[in-house]
Each structure stands twice: as structure tokens, then as C-alpha cells.
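Novice: Protein chains in written order, with my numbering: chain E, 6 to 429; chain Y, 1265 to 1592; chain P, 60 to 417.
None of these hints come from the bench; they were simulated from the model.
Within a straight-line C-alpha distance of at most 20 Å, the following computed SDA-like cross-link-like pairs (lysine to any residue) qualify:
1) 152/P <-> 424/E
2) 407/P <-> 90/P
3) 1373/Y <-> 397/P
4) 188/P <-> 1589/Y
5) 407/P <-> 86/P
6) 188/P <-> 1587/Y
7) 1373/Y <-> 391/P
8) 152/P <-> 421/E
9) 152/P <-> 418/E
10) 69/P <-> 85/P
11) 1373/Y <-> 394/P
12) 152/P <-> 423/E
13) 1369/Y <-> 387/P
Partner residues are not named here, just some residues of chain E that face chain Y (Cβ under 8 Å, in silico):
14) 36
15) 38
16) 208
17) 211
18) 218
19) 219
20) 239
This one's a predicted model, so the numbers in the text were calculated from it and none came from an experiment.
Positions of the beta carbon are idealized from the N, C-alpha and C atoms, including for glycine.
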Amino acid sequence: MKTLATIAAAGMIAAGPALADLVIPDLHYRTGPYAAGGIPFSDGYQDYFTLLNERDGGIGGERIEIVTCETGYDTERGVECYESTKGQGSLLYQPLSTGITYQLIPRATADGIPLHTMGYGRTSAANGDVFEWVFNYPANYWDAASVFVNFILEENGGSLEGQTVALLYHNSAYGREPIRTLELLSEQYGFNLIQLPVDHPGQEQGNQWLQIRRERPDYVVMWGWGVMNQVAVQEAVNIRFPMDHFYGNWWAGAEHDVMPAGEGANGYRALNMTRLGDLPVFDEIQTVVLDAGLGAGEGNNLGSVLYTRGMYAAMLAAEAIRTAQEIHGTAQVTPAMVRDGMEALEITDARMAELGMEGIGPEFSVSCTDHGGAGMGIVQEWNAAEQQWVTLSDFIESDASVIDPLIAEDSEAFAAENGIEPRC
Amino acid sequence: MPDQLLFAAEVSINGLMTGVMYALVALGFVLIYKASGIFNYAQGVMALFAAMTLVGIQEGRVPFAHLINSITGAHVSTVGFEIPAILAILLTVAVMVGFAWLVQKVVFKHLVGQEPIILFMATIGLAYFLEGVSDLMWGSEIRTLDVGLPQGINDAIDQGTFNAFGYGFFIDNLDIAAAIIAAILVAVLIAFSQYTKQGRAMRAVADDHQAALSVGISLNYVWVLVWSLAGIVALVAGIMWGSKSGVQFSLSLIALKALPVLMLGGFTSIPGAIVGGLIIGVGEALFEFAVGPLIGGATENWFAYVLALAFLVFRPQGLFGERIIERV
Amino acid sequence: MFYREAGDFKTSYAADSQTFPIAFDRWRYYFVIAAGFGLLPFIINDYWSNAILLPFLIYAIAAIGLNILVGYCGQVSLGTGGFMAVGAYTSYKLMTAFPWLDMVSITILSGVMTAIVGVAFGLPSLRIKGFYLAVATLAAQFFLIWLFNRVPWFFNYSASGQISAPERSLFGQAVTGPAADPSAKYLFCLVFAFALAWLARNLTRGSVGRQWMAIRDMDIAAEIIGVNPLRAKLSAFAVSSFYVGIAGALFFTVYLGAAEPGTAFGIQKSFLVLFMVIIGGLGSIFGSFAGAAFMVLLPVLLTNVLTGAFGWDSALARHFEFVIVGGLIMFFLIVEPHGLARLWALAKEKLRLWPFPH
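Please model the complete structure; the sequences and the hints are all you need to start from.
Specialist: And the structure:
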């Protein structure tokens, strides 16, 4: 009983809500097997909100309060984090884990709190007709698969007939996502698809890479996360696979994925949903946030791939809140209002330039039916000598004629299973 | 030779190499289990801790920087200079010996004579503890470990086999280095336990605690020694695995790959750990090569255990384990 | 003063062999049950139900199950996560294939299915013993997870391989799915936990339980006095897996609502439940509850205290949590290797004599 009382007391302290502020939870993972990816993303996410607080006094004059909770990429901790933060007036969630997303979709839908799963999570959530509270703009996994195929299609002058593509994937819900899309595309364009699963955590890929060496596919595309990426890049270097024919998706294309392989990783390509580069906003974060000692991390991640992506996610969230404030004419928005804001979100080049992130992402707008955004991605290449990613292409469109029916099929199955009526 | 056979041969050789890497981890388990009856689950985390310490020292990082910064508000991260690999390795060995002494002094001294399952649990507690400490000390970002080991395809073997069979075999230089280092390590361990006073004491303790105690061998001393040796083996394993994948949390999971090796080889036998590692390495590689594509792949994780299980049904104490004699 | 047996007369064998021989204990037990069923459902909110009480009750069921195997029968198993996955996937297949089936039957059938699988993987225990068996059960763990990951039939051919629990109700109250009331979910799990704990208590003090304990203490001797090791070991595996399967089913349907085999039922789960059993106390039903409470509540408490009261950043708090949990486990094992249940028994022993210790 005494323990219970202590816990209750501790719970009270933790749950002391500051309702006046805009509460934004950050369910991050700075520990555990995926910490290397979780840290820079969370740094970017938090630092951008801190910048808004310090520079503009928040959004629409309302200060932002960031509530952090450590999930360790563990689904149960994710649920615990969600339940403990939702009572504090959390406006939207960005869990950065496909597993946690699946737990949160039904909960957030029931509680009426929007969920933004940027480029991960449940792909068919792009259908806003069925998933009222879930958004996955600006692009999803199936877009990524299609963007990759479109890019190599262009490299090969429009034909992939007789080529072989090997998909090296994390053997989990996340890694299996692109299979169906790639299968359809392989039929459409006549290339062979080899599937090579790698079990968690992905420390050992010797056999997979021996197979790649034997069968000599023209392209290898990787759906990895965590240590699997580093090992795969190293193994590719070891077997002397041509690195410019080795592509990662956007969760397999950060600095820490290629650095351990050193010089050999030069030329490795990866998709990205944001452009990189010297954005003016980084200077502002450096002076306003980091130099003032307010940074979420050590500050060494500024400008890295995942930092930029986290910052981009924060920008999209802030813009949605701003839109919500305009729609409802109040600075103190509720989660339901933020959802309206997300659904009316419009990102234009002019607005991005105004925010000091010119061209960071594609222009897109969200609507009641379309929660998926532009579905575009870029391709970037690793320059080992300069130790930086070089953007190779402009934003490439995905093939909506392939993806839209898949999304419709999957979301309708979900709607039928859960008795959801189309609402648009 | 037909292609399939060549491929199978290549897969087997690579499997052998992987097996050596497993054996490196398994060795640490055997050392401790033999001398003290403790099934040390923390061996994997020890490898992680050793590798992180090595990288941290090499890069001249300040331990507990994050903690110091958030308590005092300072901004320390590095001491400003890098330390050569060989010196860093020696320092890490010193840290591992200190760790061994602490573990014995604080934990296992008080658990002498407990049931094996309790000791096992204590090592899991130790694993948690060490995991937290190593993250606190060095942060949880991924680090690149480079102590100058060669890496990449071995051209001589590639060329040689290409000329002989028309198909170049792939063998990683790092794997070759690992095999050589493992051989040296085992030779040194065996020499140590056979020809030194401490080694003989170690074997005496492994044989019979009571008898060893009665001829004046200090159990405490031997156990610290064994934990130190296991720490050094963990460091070697950490260096090998860390050079392959970078030093990060997943390194601690290699302990799981060592368990089927132990089952197969027996918990008490050093040659068993080596042979077990080789069998598991080849077995799982060949299975993945031959059967994997038919049933969807990614079979390595469970097949190692099933293979070991199949062996155990016929020899319940492992291939080289001490025969279990049961009396009422 | 109140806690003593003086004046508490027993006039029958039944009264003499009851679980709580001391009147005060009995009343405390009735009070806890009454509070659990009558009071808590009305005062808990989402957070308490979803983040604390549900995992506590479900893990307690799993811990009782594992305790039967490890604590009573002496067979160490590290396959708990895999067996929980069997329960979860059985309940998912049943829920989607037979939408009219009620949740109680689904949950019990999941337990039965897991018991069958458990017996199959328990067969090697007849030859393999000790740590060798512990590692051998890992074969079950890894194989089952791989199976649920690879064979699309198990997750109804969904694109990602995730399974999610549709809404099902009992007596008109939704107990699964997001719309379910927290107190309905809590009560549903509580009924299972209570019934299973009661069953376990009575099994373990009956002839079956005595056979298990004979095997645990020395299997050869037990065989000589006429205990059939095949029956005893396999029945322990069956009963244990039944419990674990029910825990897995509830874990997926009521608590998580969606699951993926690798992350929800991985090897860490096996270790976690084993922890609960050992921290709580081997061979004790109360210990299973205490162990589950300890392992579920401690991290939450630590996070709340470290980040809430001390204002540390949550990553740092998490690292410390590892250090503290690990340290506490070692501390407990050093101070009292027989777990919380033993500490509790010692405390009761002292209380009985208080205030006259001699």
C-alpha cells in the first residue's frame, strides 16, 4: 500500500499539467538497439520547437511545452508513454516506430488525438477516408519503393526488362512493407525480384551477401534500420558490390549508417524525403538554441540526415498548429483542432523559404481523403571523402496508379474489419 | 566441380569463419562456468562494455560526460587528444580487470553456494546494470571501432580459387584475422591453465571447490582471475564484432548466438566451444543456403538452436561436456 | 497484536489446511479481493488501467504459469515469449475466423492450443536437464517467432504482418478494441487472474503439485518412489503453457490491441517473466504477483521519480533505470535469494511474535 501511495504521488508530480501551453509529446528512443537513429531525430524535433519558443515566443503567441518520454523502441513502453502523456493535453504524436504506431492507431482514434507518422507506420493510413486521425504525409513506404523503381528506370533509359533487383529487408512489419509494391512493379516493368530477409537485429548478413555475390543482381535495395544498415553497407563493401547500385530507403540513409564502413561506402545511395544542405534555419538553431545551451542533445547532430528530418517533422507539426489556430481563431488549440489543421495543411515553396528551409521538402497539401501528401522522394549519394550526402535528383514522383489501389485495398480491409464508415 | 557444390563449399567456409566468431563469445561463458558454476549471461554485455570503453579511450572521451553535463551544466565531451590503439587496449584490459574484481567483491562473494539458477539471475541483473553503466559512461550513439585490422575480400583466395575452379571464393580478411586471433587466444589460454601456477589453481578450483580450498587456494583470487580472463575474452570478441558492425547496443545480443554453441559443445569445455562454434556456423549457413530459400529465409536464428537441440537429445551433456552422473 | 493465531480454533481438517490459516490474513485477503473487484473498477482511469494494472495482471498470469514449471517442477524454460505468441495468434485467428465466439472461450481455447504446443516442446525435457534445457527451450522461442513472422496465414495475409484485435464484447460491454472501457478491460483480466491463481494454488497443493515438487527436488528419487516423470513433466509443461497462453492472448487482445511477433513476444519477454518468477519467489503464487508488480511498477515509478521529481531528461533517467533495476536484482538475490515471497513470509513470522519477540 505504501508503495502504491508513493507511486500515486509520483504520478501526480509527473502528470501536473500545464494546460495553458501547447503540449507536444516527444516519444523518443535515446537508448536501446535503435538509439543511433532515434537520437538525431529527437534532437531535431525538439530543437525546432525550442527555436520557435525562443525566437517567436511559441506558435501564435502560445508557448510550446515539450513533454519527453523514453520508449526505447519498445511497444509496451510506447503505450505507457502514450497513456501517461495524453492526459496532459498532448496535441499530436510522432512515435518514430512502426510497431508503436500500430498500437497507437486505435487508441489515438478513440481518444481523438492526431498521429503523424512521417514516412513510417501504416501505409494505408494515407487514406483519410478511413483513418481520420492518422496522417503519414509527405510520403510513405510504398511511395519509397516506387520512387526507387522510377529512379532506376530513368537510369536505364526507361526499361528494366531482364534486370534483377534484390530486396534486402528487416524481417519485421516494417521491412515487409515494400514487398507487395515491388512485386507489382516487377510484373509491370519485367524485372526479377529477389527477397532476402534479415532477422533482428541484423548483425549477421554473411549468407545474404554471399547470395548477392553469387546471383549478381543489378540493384540491391535495402529496407533496414539500426545495426542492419551498418552491417549491410560493410558487407557490400567487402564483396565489392558497386555501391552506386546499392540503394537504401529513407531509414537506411543516415550518416551513421555509412561512416563505419569508411572510404568503401563512397557512392552508396539512399532515398530521402527532405533535401539536405546549408539551410538558414540551422544557423538560427545554432545561435538561438544550441549556443544558449538549450539543445536537446549535444548539438553534434545539427544538419545531419535524421536531424533534418526530425526538424522537418517539427516544422510540419508547427505549421499544422498554426493552420489550426487560423481556422478556429484561437491560439489555444485542442487536439481535434490540430487535426483540422493537419487536414487543411498546405506547404508551399514560399512558406518553406519564409521559414528558412527553402526547398527542404516538396510542395503538398492535405485533404480529407488524402492524408498521404505528395508521395515524393529524392535520391542522395554518400561522398566518403567529404563525409556528406550529395543530393542526386530532384523530388521524384511515385506511381500513383500502382499505389493508390493498394492503399484503397488495405484500408478497406481495415475499415471492414473494424466497422468504419467512409467519412468524406 | 558443378556450381552448386562450389557455392556450398564457399558457404561452408564462410560458415566456419562465422563459427569462430561465435566461439569467441562462447569461450568467455565456458571460462566462468567451469571455474565457478556461474552461467554468465552478462558475457555479451561485457563485450559491449569492453568495446565501448576501448573506443571511448581511443577517442579520448570523458566518461559520464552526459551525466556530468546535465548535473553541473558544463559542456565536456572529449579530453582533446586521441590515444593510440595499443595503449587503449591495455587500458581497457585494466578496466576489465577492475570490473572483474568489483563483480567478485560486491556481488558473487555473497552468493557463494547458491543454486545455479540464482547465480544465473544475478548475472542477468549484472547485464542490466552494466548496460546502463556503459550507456551512461559513453553515450548510446554508434561508434566506429578501428584498431587497424584488415577488412574486405581476400584477393589471394579470390584469385587462387578462381584460377583453380573458375569461381572466386569470398572470404573476409577480418574473419581470417579473427580466426588467427582466436587460435592464439585459445593457445594462450591453454598454456596459461596448463603451465602456470595460477592456471593450475584455476583448474583445481574448477575440479573441486572444497579440495582446492583445503590445499590453500584462495577461491576469491581464482574467481577474480577467471572473471578478468572472461573480460579479456569479451574485449577480443567486442573488437572483432565491433569492427564488423560498429560499436552499439546490438553488440550485447551476440550472447544469444553463443548459447547454442555452448549447448552443443558443453558448458565446461574449451575445445567444445570451438568445435561447437564451427558446427553451428557451418550448419546454419548450409541450412540457410539449401533450405532457407524454400521456406522463406532468415532461418539462422532458430536453426542454430534446433541443431543444438537435436545433438542434445543424443548427448544431453553436450559433445564435450562432463558426463552427468546421477545418484539418488 | 492482531496478527496471531491465538484464539483461532480449527475443528476440521479442511479448516486446518486452508491457505490463510490466520484470521487476520484471511480478512486481509478478503479485503484485497473486495477492493480489487468492488472498488478499483470505479476509480481507475485510462492510465492506471492501460499502463499499470493490465500489464500487472497479465504478467502475473504468465508468471504463475512459468512458476509452475520452474518453481514447482524445476524445469527452467526460456520459451515464455514464444508461448505467449502462440496464445496471441490463436486468439487472433479465432477472433477473425469466428466473430460470434465470445472472448472467454477464445481466451481459454488459446490457452489450450498453447498447452498442446508446450507439451510438444516439453518433450526434450525428458532427456535434457538444467541449463541445457533452458537453452533448448530457446529453440521454441526463436522457431515460433520465426513461424509467426514468415507464414502469412497466421496474420491473415496483411501487408505488414501486424495483427490487430477487432472489437469484441462480453455481456454487452466491449472488452477488446480501443472503445473498451478501462474498467471493463481491467475486470476481464482480473477475473482471469483470480480464477487462474485460485486454480494454481489448488493444483499445486494437490497430488499433481506434489508430483511436480518431487520431480523438482530430485527426479531420479521421485521416479523410484513411483512418480511417472513423463506424466509429471509433461503435465507441468501443459499447465504452465496453458497459463502462459492465456496471458499471451490477453496481452494481445486486451492490453496491446496490436502486435508484431518480434517486438511483442521476443526473447526479452521470456527473460522478463523469468525475472518476475525469481524476484517474486520460486514456488509461490503470491510471489508471482509480487514479482510481476515489482517488474511492472518499478520502471514506471523510477521514470516518474527521476524525470518528474528530479527533472532529469528521460534518456538519462532510462539509463539509470537500467542501473537501478539491475542493481536491485543483484541486491535482492544477495539479501534474499528466495525472493519477495520469502521476505513476506519472514515479515509475517516476525509479526506473529510481535510485540513479544521471545
